[in-house]
Structure formats: C-alpha cells, structure tokens
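Q: So the chains spell out like this:
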Amino acid sequence: MPAIFFMATIALYLGGTAFSSAYLSRRDDTLSKIALGITGVGFLMHTIALLARMVEAGSVSLTSLHDALSFFAWSLVLVFLWVDVRHRIHVMGAFLLPIALLSLVWAAALPRETAPMLKTVWVHVTLSMLGTVGFAVAFAAGLMYLIQDWLLKSKQFNVLYTKLPPLDFLDHLNQLAIVTGFPLLTLGIITGALSAEVARGAYVSWNPEQVWALVTWVFYFIVLMGRMTVGWRAKRAAYLTIIGFGGVVLTLIGVVLKGHAPVM
Amino acid sequence: MHVIVVGLSHKTAPVEVREKLAVPESRLDEALARLRTYAGIREGFLLSTCNRVEVYAVVDQAEEGHARVQDFFADTHLSLSSEQLTPHLYGYTGDRAIGHLFRVAASLDSMIVGEPQILGQLKDAFEVALNHKASGVVLNKLVRKAISVAKRVRTETKIAETAVSVSYAAVELAKKIFSNLSEKTVLLVGAGEMAKLAAQHLVDQGVRKVSITTRDAASAVELARRFNAASIPFEHFRHEMADADIVLCSTGASHYLIGVEDVQQAVRRRMNRPIFLIDISVPRNIDPAVKDIDNAFLFDVDDLEMRVEQNLEERRREAGKAERMVEEEVGQILHWMKSLEVTPTIVALRNRAETIKQAEIDKALARLQNLSAQERSVVEGLASSIVNKLLHGPLVTLKAESTAGGGALFVEAARRFFGLDDQTAAGRPDAASSAEALDEADPDESAAGRAAERRPAGKRQA
Numbered sequence: 001m002p003a004i005f006f007m008a009t010i011a012l013y014l015g016g017t018a019f020s021s022a023y024l025s026r027r028d029d030t031l032s033k034i035a036l037g038i039t040g041v042g043f044l045m046h047t048i049a050l051l052a053r054m055v056e057a058g059s060v061s062l063t064s065l066h067d068a069l070s071f072f073a074w075s076l077v078l079v080f081l082w083v084d085v086r087h088r089i090h091v092m093g094a095f096l097l098p099i100a101l102l103s104l105v106w107a108a109a110l111p112r113e114t115a116p117m118l119k120t121v122w123v124h125v126t127l128s129m130l131g132t133v134g135f136a137v138a139f140a141a142g143l144m145y146l147i148q149d150w151l152l153k154s155k156q157f158n159v160l161y162t163k164l165p166p167l168d169f170l171d172h173l174n175q176l177a178i179v180t181g182f183p184l185l186t187l188g189i190i191t192g193a194l195s196a197e198v199a200r201g202a203y204v205s206w207n208p209e210q211v212w213a214l215v216t217w218v219f220y221f222i223v224l225m226g227r228m229t230v231g232w233r234a235k236r237a238a239y240l241t242i243i244g245f246g247g248v249v250l251t252l253i254g255v256v257l258k259g260h261a262p263v264m
Numbered sequence: 001m002h003v004i005v006v007g008l009s010h011k012t013a014p015v016e017v018r019e020k021l022a023v024p025e026s027r028l029d030e031a032l033a034r035l036r037t038y039a040g041i042r043e044g045f046l047l048s049t050c051n052r053v054e055v056y057a058v059v060d061q062a063e064e065g066h067a068r069v070q071d072f073f074a075d076t077h078l079s080l081s082s083e084q085l086t087p088h089l090y091g092y093t094g095d096r097a098i099g100h101l102f103r104v105a106a107s108l109d110s111m112i113v114g115e116p117q118i119l120g121q122l123k124d125a126f127e128v129a130l131n132h133k134a135s136g137v138v139l140n141k142l143v144r145k146a147i148s149v150a151k152r153v154r155t156e157t158k159i160a161e162t163a164v165s166v167s168y169a170a171v172e173l174a175k176k177i178f179s180n181l182s183e184k185t186v187l188l189v190g191a192g193e194m195a196k197l198a199a200q201h202l203v204d205q206g207v208r209k210v211s212i213t214t215r216d217a218a219s220a221v222e223l224a225r226r227f228n229a230a231s232i233p234f235e236h237f238r239h240e241m242a243d244a245d246i247v248l249c250s251t252g253a254s255h256y257l258i259g260v261e262d263v264q265q266a267v268r269r270r271m272n273r274p275i276f277l278i279d280i281s282v283p284r285n286i287d288p289a290v291k292d293i294d295n296a297f298l299f300d301v302d303d304l305e306m307r308v309e310q311n312l313e314e315r316r317r318e319a320g321k322a323e324r325m326v327e328e329e330v331g332q333i334l335h336w337m338k339s340l341e342v343t344p345t346i347v348a349l350r351n352r353a354e355t356i357k358q359a360e361i362d363k364a365l366a367r368l369q370n371l372s373a374q375e376r377s378v379v380e381g382l383a384s385s386i387v388n389k390l391l392h393g394p395l396v397t398l399k400a401e402s403t404a405g406g407g408a409l410f411v412e413a414a415r416r417f418f419g420l421d422d423q424t425a426a427g428r429p430d431a432a433s434s435a436e437a438l439d440e441a442d443p444d445e446s447a448a449g450r451a452a453e454r455r456p457a458g459k460r461q462a
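Top line first, the protein sequences correspond to chains A and B. Take 1 as the starting number for the first sequence in my numbering and just add one per residue. Take 1 as the starting number for the second sequence in my numbering and just add one per residue.
Among the clues, some could well be false.
Heads up, simulated DMTMM-like pairs for lysine to aspartate or glutamate below, C-alpha to C-alpha not over 25 Å straight-line [what the hints assert, rightly or not]:
(1) 145(B) - 329(B)
(2) 33(A) - 314(B)
(3) 155(A) - 362(B)
(4) 155(A) - 309(B)
(5) 153(A) - 292(B)
(6) 163(A) - 300(B)
(7) 389(B) - 362(B)
(8) 235(A) - 329(B)
(9) 133(B) - 309(B)
(10) 235(A) - 303(B)
Covered stretches of chain B, going by a simulated chain A footprint (3 or more residues, C-beta under 8 Å) [stated by the list, open to error]:
(11) 46-55
(12) 90-101
(13) 171-177
(14) 262-274
Honestly, the hints are just simulated from the structure, not real lab data. Each residue gets a CB set at the ideal place from its N, CA and C atoms; glycine is no exception.
Assemble the whole structure, with the sequences as input and the hints as a guide.
A: Structure below.
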C-alpha cells in the first residue's frame with residue numbers, strides 16, 4: 001500500500017522537477033505554477049506514503065535508511081513549497097526538487113526493513129536528516145549565488161538573471177540554512193552517540209562514516225565561525241557550502257555501502 | 001452615429017506644431033464648450049498632452065464629423081492654416097477610432113512604450129469632459145473601458161516592468177545585488193547629470209543614506225542639500241568607499257580615479273559584502289580591471305545602455321501581446337455599440353412583447369376551455385391592444401430621438417427598462433410565467449422579485 005503512493009510521489013516530483021527546470025529558461029510564469037501544483041500533489045502523496053509506513057510498522061520510529069531519505073526529501077519539498085508560496089521565489093524548485101527526487105529514487109532502491117535496534121534511534125535519524133535539509137538548502141542557495149554572480153560579472157542579462165533573487169538575499173538564505181542546520185546536526189550526532197552508548201557501551205566506534213560525519217560537522221563549524229568572524233560570506237560561503245554538502249552526501253553513501261543503519 | 005478621432009501626435013507632428021495646438025488645462029473648459037457648438041457633434045472629449053492633441057467625438061456623419069473637428073483645430077490656433085495643419089492630422093472612425101483610444105490609454109502609442117503618465121492624463125481629461133457634460137453615454141463607456149484595458153495591459157503584460165533609461169537601469173542592477181535598498185548607502189563621486197539622476201532614483205526607491213564627494217566645493221554643498229547627504233572631502237573619498245554599498249561615479253576627470261587597489265581594500269574592509277560600482281563617466285573614471293575583483297560589481301555606460309536596449313526589446317515583445325488584448329477588447333465593445341442602434345432595439349422590443357403576450361394568451365386560454373371562437377379572438381385582441389398601446393409611446397420616442405440626437409441614451413434606457421440584454425428573461429415563455437407567479441404571490445415578495453430583476457442592470461452601470 002505505501003509503495004503505490006511512494007511511486008506516485010516519485011513520478012510527481014519528476015514532473016515538478018521537469019517543469020521547474022523548464023521554467024528557468026522561459027519567460028512564461030505558468031510553468032512555475034504547474035510545477036508548484038504537481039509538486040503539491042506529490043507532497044500530499046508523499047505524506048500519505050510516510051503515514052502508511054508508520055501504520056505498517058506500527059510505530060513512528062522509522063529508522064531504516066530508506067525511511068530517512070524519504071523523510072529528508074519530504075522536508076526538503078516542504079521547504080520548497082514554503083519558499084515558493086510565501087516568498088514567491090519560483091526558481092528554488094529547479095534547485096531543491098532534483099535533490100529531493102534523487103534522494104527518493106535512492107530510497108526506492110534501498111531495503112525498507114528496519115534492523116532491530118533501539119526505539120530512540122529515530123530521534124537521531126530525524127534530527128540528522130533535518131540538519132541535512134538545512135545543508136541542502138544552503139547548497140542550493142550557494143549554487144544560485146554562484147550562477148547569479150557569474151551572470152552579473154559576465155553581463156549576461158538573460159531570463160535566468162531576471163528570475164534569480166538578489167545576491168544578498170541568496171547569501172542571507174545560505175546563512176539562515178546553515179545556522180538552522182548546524183545545531184540540528186549537532187543534536188543529531190549527540191543523540192546518535194547516546195544511543196550507541198546504550199546499545200554498545202561506546203559513544204563512538206570510529207568507523208569511517210562516523211569519522212566522515214564528524215569531519216562534516218567540524219567543516220560546517222568552521223564555515224559558520226568564518227562567516228561570523230572573518231567575513232566568509234558571499235562567494236566564498238557559496239563555494240564552502242557546496243563542498244560541505246558534497247561531504248554530507250559522501251557520508252550517506254558511506255553509510256549505505258557499509259550496509260547498515262546510520263549510527264550503529 | 002459614429003465614433004471618430006482626429007488628432008496629431010509625436011508620430012505625425014513636430015513639437016512646433018504640437019505646442020501650438022496643445023490646449024492648456026486652464027483653457028480646456030472653453031475648448032470643450034466650443035467643440036460642442038460644431039454641427040453634428042453629439043459628444044466630445046479632448047486629450048491634450050505634450051506628445052498628442054486628439055479629439056474623440058460621437059458624430060452623426062463620419063466624414064462630416066472629421067471635417068468639423070478639423071475646423072475646430074484650425075479655429076483653436078489661428079496662426080496655423082488648415083493647409084499647414086492637415087498633413088499632420090490623422091483620423092479614424094468606428095472600430096479603428098476605439099482601437100486607437102485603447103492603444104493610447106495602454107501606452108502602446110507613446111513615445112516610450114509603456115510609460116505610465118498617459119493613463120493619468122487621460123483620466124484627468126475625462127474628468128473635465130464629464131464635468132462639462134461634453135461626453136455622453138458612448139464616450140463615457142468607451143473611456144472607462146479604455147482605462148480598464150490599460151490597467152489590464154499593465155497587470156497582464158510586462159510592458160512597464162523594466163527600466164528604459166540609463167539612470168534607471170542602474171537602479172535595476174542594484175536591485176539584483178541588494179534586496180533591500182533602504183538599508184544601503186550611496187556614495188556619489190562627482191556631479192555628473194546622469195549620476196545625479198541615478199542617485200535620485202535610488203533615493204526614490206528607498207535609499208536613505210547618501211554621501212557626496214566632488215572636487216568643486218560649491219556643487220558639493222548644493223548636492224548635499226538636495227539629497228540631505230553628508231559631504232566628504234575629495235582627498236578622502238577612497239577611504240570612505242568601504243562604507244558605501246553603491247558607488248556612482250561621474251566626473252570630468254580624464255584618468256582613473258578609482259583603481260583596483262582601492263576597491264580591493266574596500267571589499268576587504270567590508271568583510272566581503274558586495275559593493276556595486278557604476279561608472280557613468282566618459283572617459284571612464286574606474287579602472288575596468290576592477291570587474292575581476294570578487295564581490296565587486298562594476299558596470300559602465302555601455303553596460304547600462306545595453307541593458308536599456310534589451311529592456312526596450314522586451315517592451316516591444318510585450319507590446320505585441322498588449323495589441324492582441326486591445327483587439328479583443330475592441331471586439332467586445334463593438335458588440336455593445338451595435339446594441340445602441342435604434343432599429344435592432346425596436347425589433348427586440350417588439351419580439352419581447354410578442355413572446356410575453358403569446359405566452360399569456362396560451363395560459364389564459366388553457367384555463368378557459370369552453371370559449372367560442374369569437375370569445376377567443378376577443379381575448380387575443382385584448383392582449384394585443386394592451387401590448388400595442390403600451391409600446392406605442394416608447395417606440396415613437398425611440399424613432400424620434402434617433403434622428404434628434406439623444407438616440408444612444410434612449411436606446412440604452414429602453415434596453416434596460418425592458419431587460420432586452422438580459423438573456424435569461426428575454427422573451428422566453430417560462431420567464432413570463434415566472435413573472436406571473438410573482439404577481440400572484442405575496443406583494444412584498446413580488447417587490448423583492450422586481451428588485452432582483454433590476455439588479456443586473458445596476459451591475460452593468462457599475
């Protein structure tokens with residue numbers, strides 16, 4: 001039952017991504033409205049799919065990587081809907097929706113079964129994923145910043161130029177996303193370590209993906225401090241957050257390749 | 001009855017002719033009153049701006065009307081002979097005249113397509129015509145429609161969205177770097193006209209803090225007063241650049257005043273917050289190599305002009321869309337104009353009465369089954385004579401007014417009184433029977449029913 005809604009969601013997000021991308025190069029605003037509509041319906045399907053998974057599992061504690069990625073995509077689409085409807089920045093779709101789509105496709109390829117583990121692990125998973133949503137938004141804002149910066153510098157006043165928001169807005173969004181994402185990731189790591197301690201008697205077992213996660217955490221910590229103290233903003237912040245999100249994705253891939261759940 | 005326009009504009013007449021014919025606001029009353037004295041002109045409306053002088057009129061005969069309005073123009077300015085004037089005049093009739101009015105209102109005929117002033121000027125001129133009762137049913141409807149068409153064009157196309165002057169293009173670029181101009185500081189280097197204009201636009205867009213530096217102390221004082229700005233000694237301005245988000249440079253210097261070093265330093269001191277530099281001087285005053293510095297955005301006159309050219313292109317593209325809208329709206333208004341002709345109204349009125357009468361007769365005879373043929377013809381005759389006698393007055397008046405000049409007004413009135421444009425009630429037997437049902441019901445309810453019938457007409461008026 002959840003599988004049908006899940007597949008419908010993928011199809012609808014694919015449509016949303018396609019229309020959002022087409023909107024970037026067309027003058028017509030209707031494309032973004034279509035993208036919003038399709039994605040909105042997709043989000044509804046996605047919500048049903050998630051709820052059905054919980055009913056199926058008989059608990060809200062979804063901890064498989066499949067569910068984590070699905071929840072990540074769901075939160076990211078929620079951010080997109082908010083930015084599009086509330087702030088009328090329609091170009092965000094073309095940058096956020098592909099990430100959500102890829103993450104769902106990836107989720108589809110992963111096993112749904114949850115390995116038997118502590119009930120409280122879902123807190124760790126949820127917080128880590130919400131932190132990752134922040135980094136994904138920062139990544140998208142950074143990418144948009146670099147594109148707009150390049151268009152301005154090379155004096156290409158094309159359709160995309162007119163649609164992208166002002167540079168300082170993108171820089172501000174980048175900052176906001178990191179400032180929100182970083183504490184969530186920190187809490188995610190702490191709850192993960194606590195769970196690990198209870199389960200295995202050790203906070204950290206120093207496996208490669210844990211090391212990666214810590215490296216990522218330190219990296220974003222430095223990015224955040226650099227912005228606050230020595231002016232790592234604008235173009236530099238954009239580059240750094242793009243690199244940082246790359247690290248996050250590598251951590252996730254590492255977790256999957258090791259073939260077990262996020263912390264354990 | 002014909003709608004005509006006669007006039008001249010920046011497209012057909014040089015300013016020497018336009019300025020002679022232009023009617024200043026103080027003399028608009030007199031001109032409108034005079035316009036109405038020409039034979040055959042039933043309604044008139046005069047639009048006079050620096051780019052156009054036009055008379056819109058409702059006339060009995062089109063050709064005659066054109067000639068009379070030309071006479072009016074020739075009489076307006078006696079030093080212009082008709083021979084001098086005629087080559088500059090254009091005239092349109094019917095749908096083309098209405099289309100022209102709509103295009104003018106929507107700023108499609110303006111010197112700078114999409115400029116917003118014309119709509120305000122049109123509204124003012126209309127106000128004067130209304131006050132003098134120079135315009136009537138037809139022109140009132142047309143001008144109101146023109147105003148709503150203009151608004152539709154404005155909201156549904158991007159015709160007025162983009163900057164079409166160099167100074168405004170600078171503002172547009174600034175808005176792509178800074179989302180909130182009110183928190184930004186502008187540094188004006190030099191007192192060049194273009195830079196002053198750009199600074200003014202920025203202030204209009206919300207910039208609150210302006211600093212000024214010029215070599216000439218006197219103009220610095222004058223500018224400081226104009227922009228309520230702080231004046232910075234010229235020798236120190238490079239140091240102050242770090243505080244400026246937007247630098248507008250326009251001096252007569254023949255060398256670079258701002259070099260790569262200066263900007264690099266400013267960006268460093270700004271902790272990488274973007275700085276936007278506009279060089280409107282020729283020869284340029286900011287080293288072009290500045291454009292390669294991260295977080296510094298430099299644009300010169302050529303860049304701004306290129307932007308203006310692109311925006312004009314965009315406006316032309318949008319104008320195409322607007323033209324199609326105008327065509328569509330003209331089609332709709334022509335439909336209304338047609339309804340104002342007397343003959344179709346008389347036919348519609350007769351048909352309406354005939355249908356109601358027939359429906360009532362059928363119903364009455366259905367209840368009176370036992371009537372003889374003679375009795376039946378008496379009943380039918382009674383109905384016919386009531387209807388005919390009631391209609392006699394309105395029909396005679398309509399015919400008389402159509403030749404006397406008040407035609408449109410009376411036709412409009414007749415159509416509303418008898419609900420001839422009301423598709424749901426017009427001449428359908430069941431509509432007639434529901435009217436009867438109301439008559440039989442409680443008198444209060446029936447009054448409410450009549451009020452409801454009146455409502456669509458009220459809506460049309462609004």
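Q: Quick one: which hint numbers does this structure break? Sort them smallest to largest.
A: Of the numbered hints, 3, 8, 9, 11, 12 do not hold.
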